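Using the hints provided, position chain D relative to the given structure of chain B.
The lines below spell out each chain.
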Amino acid sequence: MLNYIMSYLGSPLTPGQAGNQFWALIYVLIIFAGVSVVVMAMNWLERKALAHFQIRLGPMRVGPHGLLQPIADALKLMLKEDIIPAEADQFVFWVAPLIGLLAAFTVYTVIPFGPSQAVSDMNIGILFMLGVSSLGVLGIVTAGWASNSHYPLIGALRSSAQMVSYEVAMGLAVVSAILMTSLNTAGTGTLSMIGIVQAQQQQGVWFLFKFFPLGAIAFVIFAIAMVAETNRAPFDLAEAESELTAGFHTEYSGLRWSLFMLAEYAAMLAVSAIAVTLWLGGWMRPFPNLLSGPAWEFIFSLFPGLTFAALAGFTFLGTIRMPSHSFFKIQRIGLGVFGLLLAFIALVLFIIAIAGRNADGSLAARTREGIDYVYWFMFKVAIFMYLFIWYRATWPRYRFDQLMRVGWKVMLPISLGVLILTAIVGVLVK
Amino acid sequence: MNPVLNVGAAPVATPWFFYGLAAAAVISGLLVITRRNAVHSALALIITLLSVAGLYLMLYAPFVAGVQIIVYAGGIMVLFLFVIMLVSIERSVKERQFNRIWPVGLFASCALLALFLSAFSKGKALLPERMVQLAEGTNTEDIAGFLYGRAGRMGEYTFAFEIASLLLLVAILGAVIMTKKKI
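First to last, the sequence lines map onto chains B and D.
Using my numbering, the first residue of the first sequence is number 1, and each one after it goes up by one.
Using my numbering, the first residue of the second sequence is number 1, and each one after it goes up by one.
Worth flagging that the hints you see were computed from the coordinates, not collected in a lab.
Being a predicted model, the structure only gives us computed values, none of them experimental.
Do not rely on the hints blindly, as some may be mistaken.
Derived lysine to aspartate or glutamate pairs resembling EDC-like cross-links, with alpha carbons at most 20 Å apart [what the hints assert, rightly or not]: (1) B:76 x B:46; (2) D:94 x B:89; (3) B:48 x B:73; (4) D:94 x B:87; (5) D:180 x B:401.
Here chain B stands alone, though its shape is the one from the complex (with noise of 0.2 Å):
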């Protein structure tokens, strides 16, 4: 039983591949506990970084600079009555936010983290991605109907609307993307997540760079339908306050409600690692050929825990900035405290670093590796979630007219041309 569990410790594959159920579970329910983190961290930072666009502070009483804020939220969504309307349709209701929740995080299945830190690797891999989370749509749909109220009902047509045609110049996107992979020896391309990031990794590109301007061309009209297709801003016509209210979700309160944004927030992460996946080289540090050696690995490898010494470092300013007034003593602690845990993460990553340094295949180096290729990931990943929120507090929201007009005769003439250019090209290059 042991030997079981312990088995798949230093292989090289992942554990659906391995056919390992017991590391299968424990990623997915690491991946479950990290998702909800970072949509609850994402909650702070969202309204924090919006506020400071807009020259506010934000949440400020709940914790240090509201750091808290989100507990608070969360208890205070559980808590609340759970309504629902005497006139909806009770069953569908109740169904449309699983709905929307399961589609999100059912395609965390096939995300690489790393080459081998994903909870599985389907030779089907984006087609996959990009079924599943266009099931998400059900849920709106599903949502803004059985709430049987006039806004939910126009926003759920909107978000269905929206999303089936922002899907079209999407999927010509990534169709684009995936015919770069093709471009070897042997002549075949592939769907696999994992393989899609090491044709990129045996090419010596990302494909963002590959045929400049057609990569990025694709990447950009993927940038644009993905934040479509997550209802943002400003795209968000499907829950405009300034129209419907709360859009779909209007009739929702209490937990309910919050699974909707969870499922969001789960989306928002999950598109961006599509992009990241398949433009940007997924797991794989900058300039992985041009800066190479030993020397070079082990300053990308201490790149984990600089980051975590530079947030210690802005937690101790603000510490120190805090007024000094009886009042804020508790909060000065608590600030300090974090500081000093976030501190003692960059001291150990350091210590990984220097542990691991030596690529032989020893335990350190593959935790060493491992953790390079997630933090990559992840940086890549934070950076669409950062532009996620620039975004909604640069750009005023799109009439709807508009929208279609450039879901339409934009968008899809742009990635169809792409496309074929792309065709043309990598067959003259063969």
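This is chain D only, laid out in the frame that chain B set:
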């Protein structure tokens, strides 16, 4: 390779998975035709389509399963719901349902049942004893080979595939012509 890892061992696709998926498909299929509320029918149809996708996975056809989810569950059913949502449910629930062509339907379903029963009873004689085992890893490449040809040779189904795409193009053009008054 670590011998403890059961790579290439017996697949997890046991009969119980088949029973579960088949039961889900049949029960939700029955719900599709018995629910009076059209949205409930559509949701049950989605469950049917997803269970069929699971059955494709059990047949080592992951590509077909993925396309089934994308095209039917994710695309067509969303458009279905989009239309059905706008139908007034109160009226359709109260209205007496009628169907004047039920004798035709009865005949068709009886014929289908007879076909299934004969296939079930004579299947051993009709079908080859051992099916070709398609490995999961190469299934997608095999489909591409059949449709587009491999290694400079035309695929077995390239012509039929292209004709089908022409048919779809005609359907798209027809839809455009029917909706546009002036082109």
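A quick look at each hint next to the structure:
1. B:76 x B:46: holds, 19 Å
2. D:94 x B:89: holds, 16 Å
3. B:48 x B:73: Judged against 20 Å, a Cα distance of about 14 Å means the pair holds.
4. D:94 x B:87: holds, 16 Å
5. D:180 x B:401: holds, 18 Å
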